[in-house]
Amino acid sequence: MSEILDTLKMYFEFPAVRYAMIVGLLIALCSSLLGVTLVMKRFSFIGDGLSHVAFGAMAVATVLGVTDNMLIIMPVTVISAVLLLRTGQNTRIKGDAAVAMISVGALALGYLLMNLAPKKGGRASANLSADVCSTLFGSTSILTLSLKDVIACIIMAVVVISVFFVFYNKIFAVTFDESFAKATGLHSDLYNLLIAVIIAVIIVFAMNFVGSLLISALIIFPALSAMRIFKSFRSVIICSVIISLFCAAFGIILSILAGTPVGSTIVAADIGVFLIFSLLSFCLRRD
Amino acid sequence: MKKCLLFVAAALCLGMNCSCGKNTVNDIQSVQETTAAQVLDNTNIDVDLTQMSSTMIYSTVSNMMLNPNVYDRQKIKIRGTYRPFHDETTGKDYNILIIPDATACCEQGMEFSLAGEHKFPDDYPDEGQYITVTGVFSSYKEDGLTYVELSDASMVVDQA
Numbered sequence: 166m167s168e169i170l171d172t173l174k175m176y177f178e179f180p181a182v183r184y185a186m187i188v189g190l191l192i193a194l195c196s197s198l199l200g201v202t203l204v205m206k207r208f209s210f211i212g213d214g215l216s217h218v219a220f221g222a223m224a225v226a227t228v229l230g231v232t233d234n235m236l237i238i239m240p241v242t243v244i245s246a247v248l249l250l251r252t253g254q255n256t257r258i259k260g261d262a263a264v265a266m267i268s269v270g271a272l273a274l275g276y277l278l279m280n281l282a283p284k285k286g287g288r289a290s291a292n293l294s295a296d297v298c299s300t301l302f303g304s305t306s307i308l309t310l311s312l313k314d315v316i317a318c319i320i321m322a323v324v325v326i327s328v329f330f331v332f333y334n335k336i337f338a339v340t341f342d343e344s345f346a347k348a349t350g351l352h353s354d355l356y357n358l359l360i361a362v363i364i365a366v367i368i369v370f371a372m373n374f375v376g377s378l379l380i381s382a383l384i385i386f387p388a389l390s391a392m393r394i395f396k397s398f399r400s401v402i403i404c405s406v407i408i409s410l411f412c413a414a415f416g417i418i419l420s421i422l423a424g425t426p427v428g429s430t431i432v433a434a435d436i437g438v439f440l441i442f443s444l445l446s447f448c449l450r451r452d
Numbered sequence: 081m082k083k084c085l086l087f088v089a090a091a092l093c094l095g096m097n098c099s100c101g102k103n104t105v106n107d108i109q110s111v112q113e114t115t116a117a118q119v120l121d122n123t124n125i126d127v128d129l130t131q132m133s134s135t136m137i138y139s140t141v142s143n144m145m146l147n148p149n150v151y152d153r154q155k156i157k158i159r160g161t162y163r164p165f166h167d168e169t170t171g172k173d174y175n176i177l178i179i180p181d182a183t184a185c186c187e188q189g190m191e192f193s194l195a196g197e198h199k200f201p202d203d204y205p206d207e208g209q210y211i212t213v214t215g216v217f218s219s220y221k222e223d224g225l226t227y228v229e230l231s232d233a234s235m236v237v238d239q240a
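Residue numbers (the working numbering), protein chains in the order written: chain A, 166 to 452; chain B, 81 to 240.
Since the hints were derived computationally from the structure, they do not count as laboratory data.
Glycine is no exception: its CB is placed at the ideal position from the N, C-alpha and C atoms.
Careful: at least some of the hints might be erroneous.
Mimicking BS3-like on lysine-lysine, the simulated pairs with C-alpha atoms at most 27 Å apart in a straight line are [stated by the list, open to error]: (1) B:Lys155 with B:Lys199; (2) B:Lys199 with A:Lys174; (3) A:Lys313 with B:Lys221.
Sample of chain B residues lacking proximity to chain A, with all beta carbon distances greater than 10 Å (derived) [unchecked claim]: (4) Thr140; (5) Glu197; (6) Gln209; (7) Gly224.
Using the sequences and the accompanying hints, generate a full structural model.
What follows is the structure in structure tokens.
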């Protein structure tokens, strides 16, 4: 045990590991806050769709040779989130079909562009598999963050948490009964837009954490686990946050100790907690 | 309400510009460990990658590529497979240590140059053989690109 602690202590002397832990916990916190709302609004799969859009946008940025690819990824993902959440139910292509279409379409085009990019410049494609692997599965992206990235993530987290607490009652109303909220004079479209923008921002940042294929797990598993046991909105959110933080910290530590991919390990921890909570829920119901 | 939204939008833009940019990071690694007997020079090693997990090796080598100045002149010990490379355009020969990641979907090459006189191919292992290299980390520019290498290095070939 002391040997493991010594190893862990040695690893935490690397700034990259400390940055990963800070960013990981912040992203886990933000995603779990919004996760409950998305699950209850039946938008669980939007995380997947938007993360694939972000992947496609990253491919475009790579092809165009944009140094700071966030300048393309962020606006494209935010616009897609707004379109999906606001107009998805009023168009000829309904919500779930629109998400599925954008999800697979962006993924396919992104991968196609990533393959074309090196040929265009005549460069070797040595980094292609690494870029794709890292972006899709978040293999170790989180362990290569700079201080600038950490600061950006802290700003994002402060904004998301502030918005959530300032508009807690409104988000609650929109989440449970949008029609009633609208009837009481609440600008539900505006709050849906706010939720869409925030979830897009979280997803873009979370791409570095677990990769674009696994982001949905970060959003839905803590919320679903909490819902197994707790029933009120507030208690579900609090429990969801605790589960998400625990799984993120546990996943990061286990992955650096055991040499497993960071994103997959965190998601595996989330799945484990979900199974435990499901079992607990079953036992409680029987009693 | 509108003021609040404007504030949120401004703050998000600020966060965006700071960028969490995951630039393309090359890749890397393996989790294999080496025994002390396999390595010639174990003294004063600043970063011993042979004692790390594959995830940490991956991360550390990526950071070496992204921020070579941080590791400049540090003594690095690392294990991987050997791959010689001949550049047809310049006529130069390079010795590369290949570090695959745990799933082998990504790999990272680290150039090294052995201390003293060595003749290729007699003094080098076969391609694909596992080696442990200990050398001084440095970076150099060639054709406008920055490359990293382990210079003044010693090499131990795995006997397996």
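A quick look at each hint next to the structure:
no.: 1; hint: B:Lys155 with B:Lys199; result: 24 Å, holds
no.: 2; hint: B:Lys199 with A:Lys174; result: 42 Å, violated
no.: 3; hint: A:Lys313 with B:Lys221; result: 25 Å, holds
no.: 4; hint: Thr140; result: 7 Å, violated
no.: 5; hint: Glu197; result: 30 Å, holds
no.: 6; hint: Gln209; result: 21 Å, holds
no.: 7; hint: Gly224; result: 12 Å, holds
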